[in-house]
Amino acid sequence: MMVFLASLLGSFTTPMKIGTDPLSMLWLLPLVASIAVVYKATKVHSIRSWPFAKESAVLFGSIVVFIVVAAVILFGITWIVTEQLPALLDKSSF
Amino acid sequence: MAQPWKENHALFLISTGALAWLVPGGGHFALNERRRAVVIFVAIVLTFLIGLYVGSVGVVDPVHARPWYIAQMMNSPLVMLLGRIGATGDYRAFGRANEIGQIYTSIAGLLNLLCIVNAVYLAHLRSIKESQA
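Residue numbers (the working numbering), protein chains in the order written: chain A, 1 to 94; chain B, 1 to 133.
Just so you know, these hints were derived from the structure itself, not from any lab.
It is possible that part of the hints are untrue.
Pulled from the structure, derived: some chain B residues nowhere near chain A, Cβ distances all over 12 Å [said to hold, decoys possible]:
(1) H9
(2) L13
(3) S15
(4) A18
(5) W21
(6) L22
(7) M73
(8) L78
(9) M80
(10) G83
(11) R84
(12) A87
(13) S127
(14) K129
(15) Q132
Computed far set for chain A versus chain B, every beta-carbon distance over 12 Å [stated by the list, open to error]:
(16) M2
(17) F66
(18) Q84
(19) L88
Covered stretches of chain A (chain B as the covering partner; in silico rule of three or more C-beta atoms under 8 Å from a C-beta of chain B) [as the list claims (entries may be wrong)]:
(20) 7-14
(21) 19-26
(22) 31-40
Where is the CB? At the ideal position from N, CA and C, for every residue including glycine.
All chains should be modelled from the sequences, with the hints used to inform the complete structure.
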């Protein structure tokens with residue numbers, strides 16, 4: 001029991017190895033789920049399993065969709081500024 | 001005559017807020033909102049523990065990451081105990097793991113702040129209802 005407890009506490013003293021690859025963006029999903037659940041817990045009139053799960057899932061989906069849309073827009077702006085704009089400026093008569 | 005009610009009312013709100021800060025969901029539990037309290041407790045504690053597991057106890061650092069620490073403190077005053085461990089600098093974390101750990105633990109704290117405000121507001125409404133009845 002003590003060995004288990006010690007190894008459990010020990011696991012909180014070493015950081016995980018997380019790369020900077022696009023896959024690491026998936027770490028936002030549990031956080032969004034938590035935000036959706038807690039926010040809905042403070043907003044709904046009464047907590048009943050199915051309606052609460054449904055409302056939380058809708059909020060979770062909305063947040064994820066909004067993040068994806070924001071990411072696509074930002075990626076588009078970056079692509080225009082870094083890839084398209086220099087080429088246009090080179091060709092201009094100015 | 002209104003003074004004792006006002007004093008009791010303020011004390012009730014403060015004790016509800018303090019309970020909600022001491023244990024996530026504690027304020028709602030005291031207001032007999034058991035299911036709400038359990039959902040809040042599980043969600044906030046789980047988020048905080050995931051952050052702590054990902055970034056290690058070093059993400060709670062009152063010396064090198066003070067703004068994050070203020071948000072983390074909203075989880076519970078017990079975070080101060082972790083802060084004392086983090087302040088030693090023995091468990092410092094860097095890179096993406098540190099970022100994710102800090103974001104998780106701080107967001108958990110800010111979510112608990114939302115729950116504290118919500119519990120105090122519910123207590124205020126209940127108190128007014130009871131005084132009118």
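Taking 12 Å as the cut and beta carbons as the points, is S15/B off the interface with chain A? 19 Å, holds
Evaluate the condition: distance from the CB of Q132/B to the nearest CB of chain A exceeds 12 Å. 20 Å, holds
Verify that the Cβ of G83/B lies farther than 12 Å from every Cβ atom of chain A, and report whether the claim holds or is violated. Non-interface label on G83/B holds, nearest chain A Cβ at 14 Å vs cutoff 12 Å.
Classify the label on F66/A as holds or violated, using whether its beta-carbon is more than 12 Å from each beta-carbon of chain B. 16 Å, holds
Take a quick look at Q84/A and tell me if its Cβ sits farther than 12 Å from every Cβ on chain B, holds or violated. 30 Å, holds
12 Å Cβ clearance of M73/B from chain A: M73/B clear of chain A: closest Cβ-Cβ about 17 Å, beyond 12 Å.
Decide, holds or violated, for the assertion that all CB atoms of chain A are farther than 12 Å from the CB of A18/B. Holds, since 18 Å exceeds 12 Å.
Is the claim that L88/A lies outside the interface with chain B correct, judged by CB distances over 12 Å? Nearest chain B Cβ is 35 Å from L88/A, so the label holds.
Are at least 3 residues of the stretch 7-14 of chain A within less than 8 Å of chain B when you compare beta carbons? That given contact holds, which follows from 4 residues of the stretch 7-14 of chain A lying within Cβ reach (below 8 Å) of chain B.
Against chain B, does M2/A keep a CB gap of more than 12 Å to every residue? 20 Å, holds
Taking the minimum C-beta separation from H9/B to chain A, is that value above 12 Å? 22 Å, holds
Does M80/B really sit off the interface, with its C-beta more than 12 Å from all C-beta atoms of chain A? At about 17 Å from chain A, M80/B clears the 12 Å cut-off, so the statement holds.
The structure meets every hint from the earlier list without exception.
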